[in-house]
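Undergrad: Sequence:
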Amino acid sequence: MSKLVVITVHGISDSVLHDDYTYNFKNLLYDKLKHLKVIPEKASQEEYDQYIVFDYVNYSDIGHTAELLVLDAYTKERNKLYNFLDQLIERAAFDQIRRQIITSLSDVMVYQSTKWRDQIRQRLLDKINPFVTSGDAVSVVGHSLGSVVSFDTVYYNSRKNPSWLAAGFKPSNLFTIGSPIGLFSLELEDDTGVQKPRYFTSAATPDYLDPKNTNPDLDPVRSDGVWYNFLDAQDLIGYPLEVLFEGKFKVKDFLVQTGTNPLTAHTEYWNNNEVTQHIAERLALDYKRISGGK
79 MSKLVVITVH GISDSVLHDD YTYNFKNLLY DKLKHLKVIP EKASQEEYDQ YIVFDYVNYS
139 DIGHTAELLV LDAYTKERNK LYNFLDQLIE RAAFDQIRRQ IITSLSDVMV YQSTKWRDQI
199 RQRLLDKINP FVTSGDAVSV VGHSLGSVVS FDTVYYNSRK NPSWLAAGFK PSNLFTIGSP
259 IGLFSLELED DTGVQKPRYF TSAATPDYLD PKNTNPDLDP VRSDGVWYNF LDAQDLIGYP
319 LEVLFEGKFK VKDFLVQTGT NPLTAHTEYW NNNEVTQHIA ERLALDYKRI SGGK
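When we follow the working numbering, the leftmost residue of the sequence shown carries the number 79, and every step to the right adds one.
Mixed in with the good hints there might be a few duds.
Within a straight-line C-alpha distance of at most 30 Å, the following computed BS3-like cross-link-like pairs (lysine-lysine) qualify [as the list claims (entries may be wrong)]:
1) K158 - K104
2) K328 - K238
3) K330 - K158
4) K120 - K154
5) K328 - K366
6) K238 - K158
Honestly, the hints are just simulated from the structure, not real lab data.
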């Protein structure tokens with residue numbers, strides 16, 4: 079029996095993640111899918127996998143050692159250069175902010191590295207590939223930098239990956255939350271959708287840059303699927319995409335309330351009822367399609 083598959087991709091992290099960062103997200107979706115009659119109300123936890131399977135990408139270790147070197151160098155230089163008063167002010171007011179900036183920018187720069195970018199995308203690709211010919215409905219959920227990873231991976235592979243093209247495979251849905259894709263889109267070639275080198279793997283040949291060798295369908299998801307983009311007005315990293323990509327990609331923006339604090343507003347999407355309700359309703363439609371309307 080075909081099932082729903084949901085693959086999640088985290089955003090910027092200041093440390094290597096060791097736990098499932100989507101625990102609450104999964105439980106919210108389980109409850110909503112029960113309410114929508116996708117999962118039987120009395121189904122046990124062990125029976126959930128008959129209807130929906132979750133998996134998550136963890137790329138937080140990639141480039142982490144290099145990030146630690148930058149932080150360590152900053153700490154040593156600070157202790158050497160700052161006087162006592164400066165160090166007190168730094169530690170009281172700016173140290174945490176500065177470290178957050180270093181961590182955030184270094185994560186972005188890690189992704190800009192061809193070597194590490196390939197490794198990060200490959201981790202998502204490894205999660206998707208088992209389902210390319212399975213008939214299951216695959217949805218990808220990407221948060222923050224993970225939304226960029228998600229878009230880049232499905233956009234590239236839906237147009238260039240021979241096994242995806244042979245199977246006629248695309249993910250059913252792409253859900254981006256707290257996404258800075260709008261900023262990264264500056265490297266997307268005008269309104270033709272032709273990908274600039276950043277969108278390609280390091281193994282790509284010059285032929286790949288030729289638009290004639292590209293699937294002309296620009297959308298990263300199935301024709302009957304959706305791309306939903308969720309953002310909170312207080313989230314300083316999440317940007318709307320609907321107007322930006324009008325005429326290029328079919329993406330729909332959803333304004334949700336994740337909190338009034340700009341820091342937590344960016345991180346609370348995984349725990350948000352509005353986000354999971356919209357996703358669950360879409361998954362219910364997918365399940366109806368793959369189960370023959372049952």
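Undergrad: Now look at each hint and say whether the structure bears it out.
TA: Tested hints:
Proposed proximity of K158 and K104 is contradicted: the alpha carbons are some 47 Å apart, above 30 Å. With a C-alpha separation of about 20 Å, the suggested pair K328 and K238 falls inside the 30 Å cut-off, and the hint holds. Among the hinted pairs, K330 with K158 is inconsistent with the structure: their alpha-carbon atoms are about 51 Å apart, more than 30 Å. Between the alpha carbons of K120 and K154 the distance comes to roughly 58 Å, so the proposed pair goes past 30 Å and is violated.
Proximity of K328 to K366 is assessed by CA-CA distance (about 22 Å); at most 30 Å being required, the pair is judged to hold. Proximity of K238 to K158 is assessed by CA-CA distance (about 51 Å); at most 30 Å being required, the pair is judged violated.
Taken one by one, the earlier hints fail for this structure at numbers 1, 3, 4, 6, listed in ascending order.
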